[in-house]
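J.: What follows is each chain in one-letter form.
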Amino acid sequence: MGKNSIRLLAPDVHRGLAELVAKRLGLKLTDIYLKRDSCGEVSFSIKESVRDEDIYIIVQIGSGVVNDRVLELLIMINACKTASARRITAVIPNFPYARQDRKDKSRAPITAKLMADMLTTAGCDHVITMDLHASQIQGFFDVPVDNLYAEPSVVRYIRETVNFDEAIIISPDAGGAKRAAGLADRLDLNFALIHKERARANEVSRMVLVGDVTDKICIIVDDMADTCGTLAKAAEVLLENKAKSVIAIVTHGILSGNAIKNINNSQLERVVCTNTVPFEEKLPLCPKLDTIDISSVLAEGIRRLHNGESISYLFRNNPI
Amino acid sequence: MRKCKVFVGNSHSELGELICSKLGIEPAPCTLKKFSNGETSVQIGVSVRDEDVYVIQSGSEDINDHIMELLIMVSACRGGSAKKITAVIPQFPYSKQSKMKKHRGAITARMLANLLVMAGADHIISMDLHASQMQGFFTKPVDNLYGAASLGKWIKEHVEDYTNAVVVSKNPGGTKRVTGLADSLKINFAMIHTDRRRGDNDFLATKMKKQQVPSHSRRQSVVGRRRSSAKKEDADEEEELIYSNGLQTARVVQGHVVGDDYIAEEAVDESAISVDSDQEESIPNDQTSYALGGTYDAADSDEEYEPEAPEKLITLVGNVKGRSVIILDDMIDRPSSFIAAAEHCRLNCGATKVYIAATHGLFIDNCLEELEACPYIDQVIVTNTYPITEKKKQCKKLVTIDVSSIFAECIRRDHYGESISVLFDKIASGI
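Heads up: the protein sequence lines correspond to chains A and B, in order.
Sequential numbering from 1 applies to the first sequence in the numbering used here.
Sequential numbering from 1 applies to the second sequence in the numbering used here.
No lab work stands behind these hints: they were computed from the structure.
As the structure is a prediction and not an experimental result, all values here were calculated from the model.
Treat the hints with care, since some could be wrong.
Below, computed lysine-lysine pairings styled on DSBU-like, alpha-carbon distance capped at 30 Å [unchecked claim]:
id: 1; chain 1: A; residue 1: K35; chain 2: B; residue 2: K102
id: 2; chain 1: B; residue 1: K99; chain 2: A; residue 2: K47
id: 3; chain 1: B; residue 1: K33; chain 2: A; residue 2: K103
id: 4; chain 1: A; residue 1: K35; chain 2: B; residue 2: K156
id: 5; chain 1: B; residue 1: K34; chain 2: A; residue 2: K105
Generate the whole structure from the sequences, applying the supplied hints.
T.: This is how it looks when you write it as structure tokens:
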């Protein structure tokens, strides 16, 4: 091993994405030791030398034990730091706590900012993430953040699998309109918008459709799907407005709580998620789920970052 | 107390509420829950603008969740324009990972310190940090309180003839802690050292020697046999061996004290033991039955990641004969080193009673069950810095000492800008 070469690290759980990235880069994941004490504490060490190396830690943070994954990541970063790594890049495709990004109530914590500070405090030099809930989160960091987009991969997926002429892009809320419009532009399709009135977090009350979806294949685009209540409700509204069928494409399929039940009971034809979030175990439970592999985007991002090449190419193009 | 809010985290609400009731205030309202995707949600239910805020969060079994909860609470108070935020962490999590133990390991305790300060904590209050050097990890003031005063008080009140008791450290690293308590109680102390038995060749050589000169080996064997031995000359020589240098040594196999003619290779073979046990009354027949669990860690808790040695040598420095023994440490997480030390004190060194005292009772897995099953341990004394579940409270040997008053007094003094050193001096002044 030469100095300053790429080293890929991943925790011992949810290594699927990391292994895909490693395969694409033609590398092996670095050997680690990670043990969870029965009192919950994590002890970690790296079995190979990482002195003067370029470290990339790839974590998939899904639903459930978010805090354990976060602490593991921090401990891994800190271990690399104390082991004299040249640069440590945290590759967190699904940035945790991204939705707590503003002080929406009195004395509400801005946990996304806290996460950013925690990563830099632990010793992180660079962050690669994907489809941040709000791109302002980039500004929370004092270190460079590369926010990659799943859009090129989504574009390719739509081109390959959906009957193009009948499709229309739908944004399930006003906040996502920009994302939907961008995708519609790329695909040269029309787009419509659903406005929802949210009573409480994870609950949806009333929905209004803006735009015409008659006899169209509706493609709902969003950055994340949590309990999928919004998606199910949106599908209902769209079909009431004479849509032909409804597909949902989300970047981060967190699918927590009753998500699988909601999808199975809904009128959605398909729910497509990228593999930023580990949900392999949920695939057999729900025949409507489909995956877009974004490991090529991450692998190319890592390669370009390591070689000091421009990342912006990836914002528009999907590497093969 | 005016302009003061105390928030209690989910990890140990019982202690938090005790502290609040001692302070004569209600815990400040806040909603702590989890979103369906596993992220922690914190809502501070009262204005903290320009207030003196205390956040109480200890260790627990869901430690990572509670660390995040603490960090988010501190951050939320910081965002809510609190004047000063103090994190009260009775049992500091990850405190055992306070140094780089192996190549490329993380110093998690330092990282946690950085995270706390980064989140907005202005002051940290903790108790019996695993290493007091950890105070240097913080760029903010740290008050490290001592639980020894409360433990000492209990010992004075409950240990019979405590003036003749001996405080024992089960590893050399904890000797300083032990001498502190011994000094304040004005009693003696002793130390136990466990090291890896010298190589196999040495063992074989001893074995060979034994076979050749059986009578000689008998004389050298463990002190525990002394009582069963009828021969006066044997006993005399034994006494000499022990008290001339104050060292008492025995072998430890799989976390239990064994006799010298115990053969390590057959350690798991019960039939082999029963042959020996006929001769040696002091060594229990059922030693394999409670050797289950097998979570033997190194005697020095700092070396918990060292590979497990099949056989160790346990040495007591000091005299405990005919006295009560109080084995003191900062935390009880795994039982084996305590059990080995207790067995050694009772079986080989003639102690009358063995108490185990520690500030933090973590009791990982079956720790408490194993301690309770050990016939050589009389009582286990811990403080309530770490949550003790109802199930654990059922344990007859367990005594829990409430330390909420120390934290309450510390918070009160800190809030009014009074000196906290009185709380430290309590130990020196004989409690």
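J.: Which numbered conditions among the earlier hints are violated in the structure presented, ordered from lowest to highest?
T.: Failing hint: just 4.
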